[in-house]
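Based on the hints, put chains B and C in the right spot on chain A.
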Amino acid sequence: MLMIGWTTVATMPQAETLAAGLIESRLAACVQIEGPITSFYSWEGRTERSEEFRISIKFIATRESDIEKWLLTHHPYKTPEWITVRTENVSEKYLSWVKANTYN
Amino acid sequence: MLMIGWTTVATMPQAETLAAGLIESRLAACVQIEGPITSFYSWEGRTERSEEFRISIKFIATRESDIEKWLLTHHPYKTPEWITVRTENVSEKYLSWVKANTYN
Amino acid sequence: MLMIGWTTVATMPQAETLAAGLIESRLAACVQIEGPITSFYSWEGRTERSEEFRISIKFIATRESDIEKWLLTHHPYKTPEWITVRTENVSEKYLSWVKANTYN
Chain A
63 MLMIGWTTVA TMPQAETLAA GLIESRLAAC VQIEGPITSF YSWEGRTERS EEFRISIKFI
123 ATRESDIEKW LLTHHPYKTP EWITVRTENV SEKYLSWVKA NTYN
Chain B
63 MLMIGWTTVA TMPQAETLAA GLIESRLAAC VQIEGPITSF YSWEGRTERS EEFRISIKFI
123 ATRESDIEKW LLTHHPYKTP EWITVRTENV SEKYLSWVKA NTYN
Chain C
63 MLMIGWTTVA TMPQAETLAA GLIESRLAAC VQIEGPITSF YSWEGRTERS EEFRISIKFI
123 ATRESDIEKW LLTHHPYKTP EWITVRTENV SEKYLSWVKA NTYN
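Chains as they are written, first to last, in our numbering: chain A, 63 to 166; chain B, 63 to 166; chain C, 63 to 166.
Okay, chain A solo, but in the shape it has when bound (with noise of 0.2 Å):
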């Protein structure tokens, strides 16, 4: 079953590094970057606002644990973003697709 993951980070060359080494790695076969996004989140009881670049990670449910270890040890945050949704379909060639291209 295909999964989607998403965490964020302070700049696009560290969604870049990520996003190539979960490729390259074959954990992930497709990892999408956006932003800048405007993040607002708490801290230390102070109401904070950052520029932030999302990336989006498909990956194979097998591969979860790989998948967070992996992040987050290569993640630059200490508390980083790592919340991932179970898809209800996907068409079949993609997945054919995803599968020949990450370790399953």
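Treat the hints with caution; some may be incorrect.
In this list, chains with the same sequence are indistinguishable; a pair is considered to hold if it fits within one copy or across any two.
[Stated by the list, open to error] Here are the simulated lysine-lysine pairs, DSS-like style, with alpha carbons at most 30 Å apart:
id: 1; residue 1: K155; residue 2: K140
id: 2; residue 1: K161; residue 2: K131
id: 3; residue 1: K155; residue 2: K131
These aren't lab readings, by the way, just hints derived from the structure by calculation. None of the values given here were measured: they were computed from a predicted structure.
What follows is chains B and C alone, placed relative to chain A:
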């Protein structure tokens, strides 16, 4: 459990007002604004096209109805988009940070 | 039940054609285009990078196979991304609007 919810507004200042309000009320720990995006939709039988900004809201499932009520009160549209999905996995430290920064 | 589906194309005009077509055929009530985004993927053993536009499609679950068929026919790629997720909650008025503006 963590949820992701999405809504859209017409302008960046409207998006910033909602984002900051959700953080300050401690209903959400992290709100992101992306755009401008281009929306196509049916309105009174015609295909319309507008520039909009999308707001992504991460929140704890127990706050689902509070967030919806807050948004329907503060949102500038009469029929705003409000759609949520359930997450499958969230990294432990990130989830702890969300819980520490919201009512739950 | 409401679903969200995602696909990507290479150019904004391609994205606009698909978005308008989905609305005009009443398969979807709201289609959003975001980007450009930067996609990283494996192609014939190499890591490739492209600018793309992402299309987000909101539709009623009973139309899932019709939308997939329509997209695979009209999409400019041979192996397009087509991924859907199930929503958990949708505000009542928004869902009524979607149902009033699509075949379902």
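Tested hints:
1. Taking the shortest alpha-carbon separations for K155 and K140, only the inter-copy value of 9 Å comes in at or below 30 Å, while the best intra-copy value is 37 Å.
2. Taking the shortest alpha-carbon separations for K161 and K131, both the intra-copy value of 20 Å and the inter-copy value of 22 Å come in at or below 30 Å.
3. With identical chains, the CA atoms of K155 and K131 are at most 30 Å apart both within one copy (29 Å) and between copies (13 Å).
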